[in-house]
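**Student:** Sequence:
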Amino acid sequence: MTAPPPGCPAHAQSVPLSGPRFQTDPVALYREMRRTHGPVVPVVLPGDVPAWLVVGYRELHQITSDPQLFSRDSELWNQWPHIPADWPLLPMIGRKQPSILYTVGERHSRRARLISDALEAVDPFELRRYAEEFADGLVDTFCTRGETDIISRYAMLLPVRVLARIYGIPDAQGPDLVAALNDMIDGRERAVAGQQHLIRTFSALIAERQAAPAHDVASRMLAAGAGPDGFGPEEILQDLMVMMAAGHQPTADWIGNTLRLMLTDDRFTASLSGGRHSVAEAMNEVLWEDTPTQNVAGRWAARDIRLGGRAIAAGDLLLLGLAAANGDPQVRTDASVLTGGNNAFLSFGHGEHRCPFPAQETAEVIARTAVEVLLDRLPDIDLAVPAESLTRRPSPWLRGLTALPVTFTPTPALGGSA
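Remember, my numbering sits 28 above the position in the sequence shown when you count from 1.
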């Protein structure tokens with residue numbers, strides 16, 4: 029790969045956006061970044077590709093509030109001449125992708141409404157019933173054994189199956205979708221292959237629903253997008269892929285991180301078996317302290333600008349450091365104190381490109397149902413290893429556990445669907 033030109037962020041004491049500290053101690057890492065570089069940090073992506081990581085709450089709020097100056101149009105990126113076709117982050121930072129992620133202006137607003145309307149039409153009681161059905165079915169696969177890994181046997185398998193059901197994808201395709209999504213989001217050697225699997229899956233779904241519409245999200249989006257000024261099948265396909273990726277993995281990590289908090293944090297362990305009242309509080313704390321979506325790509329500067337004391341050039345890529353901004357001492361002066369339900373975190377983004385509210389509600393229903401079902405079925409669940417031995421997946425984008433081994437008193441299966 030051709031090296032970036034001198035004077036860009038890669039030559040300004042840049043921090044590699046990789047390495048074990050993103051998994052082992054991101055709070056301290058972001059604190060050091062903020063202390064050394066301020067609220068806007070020069071970073072290097074794989075292949076010596078320069079970017080800026082925004083770790084200040086105010087600066088992140090400014091970026092997401094001004095879509096004209098900080099655009100979602102990836103065509104603006106000044107590094108495209110240095111990006112090879114097999115760059116592992118292309119699925120996350122795509123060029124000329126016809127998805128909602130890179131649509132701007134009035135067309136983006138109409139597209140966001142289309143997605144919101146399709147999700148809002150999902151019956152909330154049906155959604156919870158699906159989540160309970162799959163959660164009980166998964167618990168049935170390990171409840172008689174007295175031990176399991178919550179991540180691989182439960183959290184990583186649940187959201188995609190619920191989403192596949194409401195989108196219109198056959199239940200049997202859920203496990204392969206999990207593997208493909210993991211490969212794509214982790215941004216490693218199988219990222220492009222994972223993306224191709226999703227394209228094939230949703231292409232087949234679009235073709236089926238064009239021929240025979242059904243009562244599902246894909247059919248509603250196709251119907252609403254029809255027309256000369258609407259959104260064609262390719263655009264609907266891309267948006268369904270975005271919705272699946274954004275809906276599955278962060279929700280799976282939200283489940284795992286919430287259960288880790290409840291099993292290891294003294295503020296929650298005492299009330300773990302005391303009922304469901306602590307689940308919502310624990311889920312909210314995770315969004316502040318251990319948010320699944322750690323960093324997001326991104327925004328592109330529409331012109332030269334100064335931000336957080338930095339000279340940002342037109343076309344520079346700015347990565348949204350959601351986890352770092354949530355820990356900004358300007359908004360969290362004492363991170364040891366519970367937030368008490370404060371929802372000012374940036375875990376779902378902010379501004380016109382934030383996660384649509386119906387999508388956020390869908391994730392909350394799936395995650396909360398997953399935690400509640402598990403605690404109802406296995407009330408004496410306990411961590412099987414020392415808390416300090418738990419490890420995180422090697423991704424700078426999402427923060428989730430590689431495993432969460434637990435023990436519990438064996439219980440009979442209910443006979444649900446897995």
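None of these hints come from the bench; they were simulated from the model. Treat the hints with caution; some may be incorrect.
[Said to hold, decoys possible] Each pair of labels, with its calculated beta carbon distance range:
(1) ILE227 to THR430: 26 to 32 Å
(2) ARG157 to PHE385: 20 to 26 Å
(3) GLY47 to SER180: 21 to 27 Å
Ideal Cβ positions, reconstructed from N, Cα and C, are used throughout, including at glycine.
**Student:** Are the hints correct? Go through all of them and say.
**Tutor:** The hints, checked one at a time:
| no. | hint | result |
| --- | --- | --- |
| 1 | ILE227 to THR430: 26 to 32 Å | holds (27 Å) |
| 2 | ARG157 to PHE385: 20 to 26 Å | holds (21 Å) |
| 3 | GLY47 to SER180: 21 to 27 Å | holds (24 Å) |
Violated hints for the displayed structure: none, as all numbered hints are satisfied.
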